[in-house]
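A.B. asks: Protein chains in written order, with the UniProt record's numbering: chain A, 1 to 707; chain B, 1 to 707.
Calculated from the structure, these hints are not laboratory results.
Among the hints, a few may not be true.
To be verified - Some chain A residues near chain B, calculated using beta-carbon distances under 8 Å: (1) S510; (2) F561; (3) L570; (4) D584; (5) N651; (6) F653.
What the hints assert, rightly or not - With a Cα cut of at most 30 Å, we get these calculated BS3-like pairs of lysine-lysine: (7) K543(B) <-> K645(A); (8) K543(A) <-> K663(A); (9) K580(B) <-> K663(A); (10) K580(A) <-> K663(B).
Stated by the list, open to error - Label pairs and their computed distance ranges (CB to CB): (11) D212(A) <-> K378(B): 30 to 40 Å; (12) R609(A) <-> P97(B): 27 to 37 Å; (13) R541(B) <-> I684(A): 45 to 55 Å; (14) G173(B) <-> E425(A): 30 to 40 Å.
If you're wondering where the values come from, they're calculated on a predicted model, not measured in any experiment.
Where is the CB? At the ideal position from N, CA and C, for every residue including glycine.
There are 2 protein chains.
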Amino acid sequence: MAIEAARLSPSLAAAAFLGRRSPPTAPLLRRLCLLLPRRSLLASASTSSSRASSGGDDRVVALSSSELRKRRGSTSSTPTPGEDDKLRSLRRLFARPDIAIDAYIVPSQDAHQSEFIAECFMRRAYLTGFTGSAGTAVVTKNNAAFWTDGRYFLQAEKELSHDWTLMRSGNHGVPTTIEWLNDVLPSGSRVGIDPFLFSSDAAEELKAAISDKNHELILIRDFNLVDEIWGESRPAPPNEPTRVHAIKYAGVDVASKLSFVRSQLDENGCDTVVISMLDEVAWLLNMRGSDVPHSPVFYSYLTVEMSTATLFVDSNKVSEEVLEHLKKAGVKLKSYEAILFDVERLAEKGAKLWLDSSSVNAAIVSVFRSGCDRYMRKRGKTERQIGKEASSDDPTTKKRGVQNMELNGLYKASPVTLAKSVKNESEIRGMKNSHLRDAAALAEFWCWIEEEVRNNVALTEVQVAENLLEFRRKQDGFIETSFDTISGYGANGAIIHYRPTPDSCSSVGSDNLFLLDSGAQYVDGTTDITRTVHFGEPSPRQKECFTRVLQGHIALDQAVFPERTPGFVLDVLARSSLWKIGLDYRHGTGHGVGAALNVHEGPQSISYRYGNLTALQKGMIVSNEPGYYEDNSFGIRIENLLLVKEVNLANSFGGISYLGFEKLTFVPIQRKLIDLPLLSPSEINWVNEYHEQVWEKASLDTKHVAT
Amino acid sequence: MAIEAARLSPSLAAAAFLGRRSPPTAPLLRRLCLLLPRRSLLASASTSSSRASSGGDDRVVALSSSELRKRRGSTSSTPTPGEDDKLRSLRRLFARPDIAIDAYIVPSQDAHQSEFIAECFMRRAYLTGFTGSAGTAVVTKNNAAFWTDGRYFLQAEKELSHDWTLMRSGNHGVPTTIEWLNDVLPSGSRVGIDPFLFSSDAAEELKAAISDKNHELILIRDFNLVDEIWGESRPAPPNEPTRVHAIKYAGVDVASKLSFVRSQLDENGCDTVVISMLDEVAWLLNMRGSDVPHSPVFYSYLTVEMSTATLFVDSNKVSEEVLEHLKKAGVKLKSYEAILFDVERLAEKGAKLWLDSSSVNAAIVSVFRSGCDRYMRKRGKTERQIGKEASSDDPTTKKRGVQNMELNGLYKASPVTLAKSVKNESEIRGMKNSHLRDAAALAEFWCWIEEEVRNNVALTEVQVAENLLEFRRKQDGFIETSFDTISGYGANGAIIHYRPTPDSCSSVGSDNLFLLDSGAQYVDGTTDITRTVHFGEPSPRQKECFTRVLQGHIALDQAVFPERTPGFVLDVLARSSLWKIGLDYRHGTGHGVGAALNVHEGPQSISYRYGNLTALQKGMIVSNEPGYYEDNSFGIRIENLLLVKEVNLANSFGGISYLGFEKLTFVPIQRKLIDLPLLSPSEINWVNEYHEQVWEKASLDTKHVAT
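One chain only, chain A, in its complex shape:
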C-alpha cells in the first residue's frame, strides 16, 4: 500500500526517505533534500584563491557598467534618478575645511565586522544603489568606482548608475582598490575613511599601501560622510530589546566566563580587553538581541578589566531583567558611544590593553594610541624609550614571553574567539535539540513540496523558501532564519550564493535539480543544512556528480584524526572523489557555527586554503558541505553540521587523543540521486545507518524535544 507523503507525520515522512531498509511500499518517497553555505567564511574562497583564479573568465577586463550596458544593448534597468545628486553632495563635502579630502572609501561593513548589518549602516548600498552583500565604493573628485566579486557582476551591472565604474574583482587586469587609488590620484592626495568601518589591521594595511604614492590616510571620526548626505531619510539605528540567554542553554554563567577572560588578561600581562565582535559580547554576557537580521546579537562593545566590566550599549535596549542579570555579574552599563572616551581614559592612565586588531576598529585603536602617547609624554619619555620599555624592559610581559606588545597595547586574537567555539555540554544539548526540531520541520516541508510539484502546483523559489519558513515557524523556540535561504532550481543552483527575488526567480519543477540551503535560529541552537533533490528523473551526469559529492561528504564525516590537526588537513577528503573525475568546487568545505549565535564563526574552518592553522578541538561545531556546480546547468551541495568529539579507539599512538565527528543534522539524502555502483559497501552502510538514525530521531514527537 502506497503511503502518501502529505499525510505522513514528520517522523514518518522522514523515515520514508530511508535507504535500502525502508519499506518497499513507499516508492514515491524515494526523494529528498538539501541545503547551504555562503558569505564570509566560505564566500571569499571563490575569489581569493590562486586555484580559483584560474577559472575561465580570467580574460575579462574592466569595463564600466555603462560601457557594458551599451555593448549588450541592455535596456532592462534604468538608473534611479538622483544618484548623481548623491555623488555631487558627497564631493561637495570633500572641500569642507574640516574634511579636505581627495577621495573617500565606503565599505560594506558596520563598526563590528558583522556579517549581517542593520539598515542604517548600509551606507554603501545607499550611496551606490547596489543591494548585494559585498562590495566597496571609492569616490574621488572625478571618479566613482565600485568593486565586487564574481557572484555579483550581473546584479551590479543592473543596479549601478552610469556614474559608476564597475570593477570586477578577481578578473584579469582589474586593479585592487589600493592600486586604483595609487593610479588615479595625484601624488600626495588625502584619502578619507570612516575609521569605525575598518578593522585596525585593514586601516594600517591601507595606510602603508597608499603611502607608496605619498597619499595620506585621513580618519574622519566625527561623522560619516554618507550619513551626512543621507540626512533625514536614514533609518534609525536598531532599538530592539535584548534578552537573557538562559543558563540552561549557555551552560556557564557570566561570572565564570569573565573570570576566564581575566585569567587570560593576567597570563598576557594586560589590564583590560576590548571586545567588539557582537557575537563575542553576546556569548560572554549570556545575552541575545535582534539588532540585525539572522544573528541574535545587539550593537555594543564590552571592556573587561581585572575587577570590573563595562557594557557599552543603548540603555533603552536593556530591560530590568537584563539589568539585574548584568548587575549580578558585576557588569556596568555605559552608552554605546562612550567606548572611545573610556578607551582613551584607560590609555591615559597607562592601562595595558588587549585589542584584537583584526576585528577592533581603527577608531578605537587610534584613540587608544593617542591616549598612550599622552601617558608616556606625561612620564617624560621619548618615543624610542617608550618602544623599548614596552617591548623588552617590562618585566611582567617579558617574563611571560608575551608577543606583539607595542607601547601598552597587546594586539592578538581576542581571548573569547576560541573559548566561544568550543561548546560546553549545555550548548551541545541545545544544538542537538534544536536540530531535531529543525529536522521535523524539514521532513514536513519535503513531503509537502514533493506533493505540490507532483500536482504541478507552480511554486517559485521564493515561495518555496517562504513555505519552508512556515514549517519551521511551527517548531518550539524558533526565532528566525539564520541566513537568507538559498533556494535554487536548475541553473540557479549553480550560483553558490544565489538569493532569489520575487520578481525574477524561477519556478521549481521536476526537470532539474533543486538546491535548498537554509537554516534557523532557535532559542537553544542554530541550524544550517543543504539538500539537493530532483522531483523527476535525474540525468546520469547529475547522479554521477551527486554521488561524488556524497562520497566526499561521507569521507569527511567519517574522518578520525589526531588532536592538533588543523581543519585544512581534512579538506582533501571531501574533494578527492570529485578530483578523480576532474571536478572540484570553489568554496571551503566547512565553517564554524555558533550555539544559538552566528551561523558563521571562527576561528576554525575546513578549507583548501592553508592559512588557517587553528586545530579542530573537541566541542567545536563545523559544517560539512562539499558541492559541485555546473555553470548554467545545476548545482549540488550536501551539508550537515558536525560536532567534533573525542573517539575511543583501541590505540592512541603518541599518547594523544584522536578526534572524530558526530552528526547534528538528521534529514534524509535523496536516494534516487545516488549512482549506487559508485559507492563502496562501507559508503552504502553509511547511507543506511544515517537514514536509520534519521528515522529514529525524526520519529520522536518533537513536542517532547524541550527547547
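Chain A is already provided as a structure; the job is to place chain B on it using the hints.
C.D. replies: Chain B alone, transformed into the frame defined by chain A:
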C-alpha cells in the same frame, strides 16, 4: 605441485607473489616484500614536529654520558684512549693569537650541505668518536657537549668518552646548541666556526642568536681546527674520476641547461649564479662522480655567467673525455679552492650574484659581501646609499620586481632546484628501465631468502643486506647502493633509521616481521623501495597494522589532484586509514628522488608538516612510503616510487590540468600480511592489478631492458 622458490627465474619468482589470480599450486610463495625512508628529508620529522614532541620520552632530562653509564652500571664500552688528547689539542688552538676563540662548533656537514660526505670531512666523527650520521659537537674551554636526536641516543652513550656531555635533542629540558652557548659562556665571548660548514642562512641565524649575549661569531676560514689536530692521519680528499652522464640518460644537453639558467639570470636581473649543491652541479653539467658513498656526485662548485661558466674542481678528476664534454658546452675549469677568489673578484667588479643562501656556505657569502663593500667604497658610496641603491633605485631589478636583492646579491632558491626535480622523457625512461632491473634483482633476492629462512639457515640482518647487494650487482648498469640498507628484523624494524652492524645485529627468522628498505644507483636511474614480510605466521595485530599501512599506500597511489597542489595536501590520504584505529607514523610520506642522482632531493615532499608549499608537478618523482612502528616489537613500511603525470579525465573543472601518479616500482606486496576483510573491493582490485603488472614487467628478460 609446489614450485620451489629458489628455482624460479626472476620473473616467475615475482609472479608467484601475485594476488588472488596466482596459481593455487604455489602456496609457499604467498609472501612478500619491503622497503625504505630515512635521513634528511624524512628523518627530521621524527624530532621537529609538535605532534611528534608529545611522545612518551619527553620527561628525560639531560645527563652526561658518563653519568648515564654510571647509573646503568654499563661496562660494555671503554672510551678509546687519546680522546682527551683531541680535546686538549683543540683547546690549545683556542689560545693561538690568530684564532683567539672561547668555543668552537663542529657540525656534521661538508661544504655543500651533502647528505653523504667523504671521510676526510667527517670531522665531527673524528673529534667525538661518535659514528652516527647526525650530530653537532660544541667545545668550550671547560665543556664539550654533543647534540644528537632520538635515533642515536644509545649509540652516542656507547661511543662518546667521559669528557663529553650528551645532549638529547628534543627531550624535555634539553637546551639547543645556541641556548647552551648563551648559558655557559661569559657575555662577550668569541664563538668560532668553519664558515665552509655552515650555510649562509644557518651562520646568520647563529650570529643573531648568540648576539643576545653579546657573543661574537668568528669565521675561521683559513683552516679547520679539527683538521689541524687530525694532522697526518686525516684521510686524503676523494680523488675519484668523474664521467660524462650520457645524453641518452640526461635527455637535455649542457648548452641547453646553461641557456635555461641564463634566462633565469636575465629574468632576475643577475649576472652570475653560484651553484654549490653537488647534485645540482652534476645535473647541470651532465656529469657524475663518486666522491661520496651512495650519491654519484663529485666535490665542486659551479658559476654560470651570461657568457661563460666555470667548474671549480680538482683537475685530476677530469679525464680527456670529460674535458672535451665541458669544452663543448663552454665550461672552463678552475681548481676547487679557487671559488672564493673568483667570487670576490666578481663582487669587486660589481657583478650581481644569485646565491641560494640556504645551501651556499657562509665562507662564499662572506667573501662576496666584502667584495661588494670594496666595490661600493671604490665608487665612493656610503653603506646607507648602497643599501638604497640595491634595494630600490636599480632600474633593472626594480622593473622586474626582484625580491630579496641586497647590495648586489640576490638570495633565493637556486634556479636549478626546481628544474632538476621535473624529469624529462629520457630521465623518466632511465628511471623506468632501472626500476625493472631492480625489480628483477629483488624478485631473485626474495625467493632466495625465503628458501634460506625455510631451511633454517641463520642469516644476520647484515648478511641479508650483503646478499641483496649481490643480486643487484648482477644487473646491468648497477653502480652502488643509494643509501645504507635498512635491514630490520622484529623490534629492529621499529627503529626508523636502523642500520645493522655486523657485531650486534639480529638474525632474520620466521617469528616476526622483517622490514627491508634499500635502493640502488644505476647508470640510468636511482631506486628506493621498502617491503615488509613475515616468513612465518603473522599475528592478527601485525596483519591489521600492515593492512592499514597498505590502505594508506593505495589511497596515495590512486590520488588525483589539481595542478598547483602542494604535496602536504595529499599526506592525510596515506594516514587516514591508520588514524581510524588511533595509529600514526612519525615521518613524512614522500620525498623527491633524483634521476641517477641523490636518492633524496627537493624541493617537493609529501609530509604532515605544512611548511613546504612546492606544488607537485608533472615529471616529478616522489616516494610513497607510509609505515607503522610498534616500539620494541616490529616495524612496517611499504614504499614505491611514483612519477607525477597528467591524467586525462572526462572533465577539467577550472580549465586546469589534473595530476596523478604512475608507479615506477614493481615488486610484490606480501599477501599473507593482508587482512582481506579490511579491504574494499577497489583496494583488492588495486592489489590484483598491481601484481598483474609486476608479473608482466618482471617476466621481461631484464637483459633486454637496455641501460
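A.B. asks: Hold the hint about F653(A) up to the distance rule: shortest CB distance to chain B must be less than 8 Å.
C.D. replies: holds, 5 Å
A.B. asks: Evaluate the given range 30 to 40 Å for the C-beta pair formed by G173(B) and E425(A).
C.D. replies: holds, 37 Å
A.B. asks: Holds or violated: are the alpha carbons of K543(A) and K663(A) at most 30 Å from each other?
C.D. replies: holds, 24 Å
A.B. asks: Given F561(A) as an interface hint, is the shortest Cβ-Cβ distance to chain B below 8 Å?
C.D. replies: Holds, because the Cβ-Cβ distance from F561(A) to chain B comes to roughly 5 Å (cut-off 8 Å).
A.B. asks: Taking the least C-beta to C-beta distance, is L570(A) closer than 8 Å to chain B?
C.D. replies: Holds - the Cβ of L570(A) comes within 8 Å of chain B, reaching about 7 Å at its closest.
A.B. asks: Are the Cα atoms of K580(A) and K663(B) separated by 30 Å or less?
C.D. replies: Within the cut-off at roughly 17 Å; holds.
A.B. asks: Are the Cα positions of K580(B) and K663(A) separated by 30 Å at most?
C.D. replies: holds, 17 Å
A.B. asks: Identify whether the interface hint at S510(A) stands, where standing means a beta carbon of chain B within less than 8 Å of its own.
C.D. replies: Interface hint status for S510(A): violated (26 Å vs cutoff 8 Å).
A.B. asks: So does R609(A) sit 27 to 37 Å from P97(B), Cβ to Cβ?
C.D. replies: Distance hint for R609(A), P97(B) is violated at roughly 58 Å.
A.B. asks: Given N651(A) was flagged as interface, is its beta-carbon under 8 Å from a beta-carbon of chain B?
C.D. replies: holds, 4 Å
A.B. asks: How about D584(A): closest beta carbon in chain B under 8 Å, or not?
C.D. replies: Holds - the Cβ of D584(A) comes within 8 Å of chain B, reaching about 5 Å at its closest.
A.B. asks: Within 45 to 55 Å or not, the Cβ separation of R541(B) and I684(A)?
C.D. replies: violated, 29 Å
The structure fails to meet hints 1, 12, 13 from the earlier list, while all remaining hints are met.
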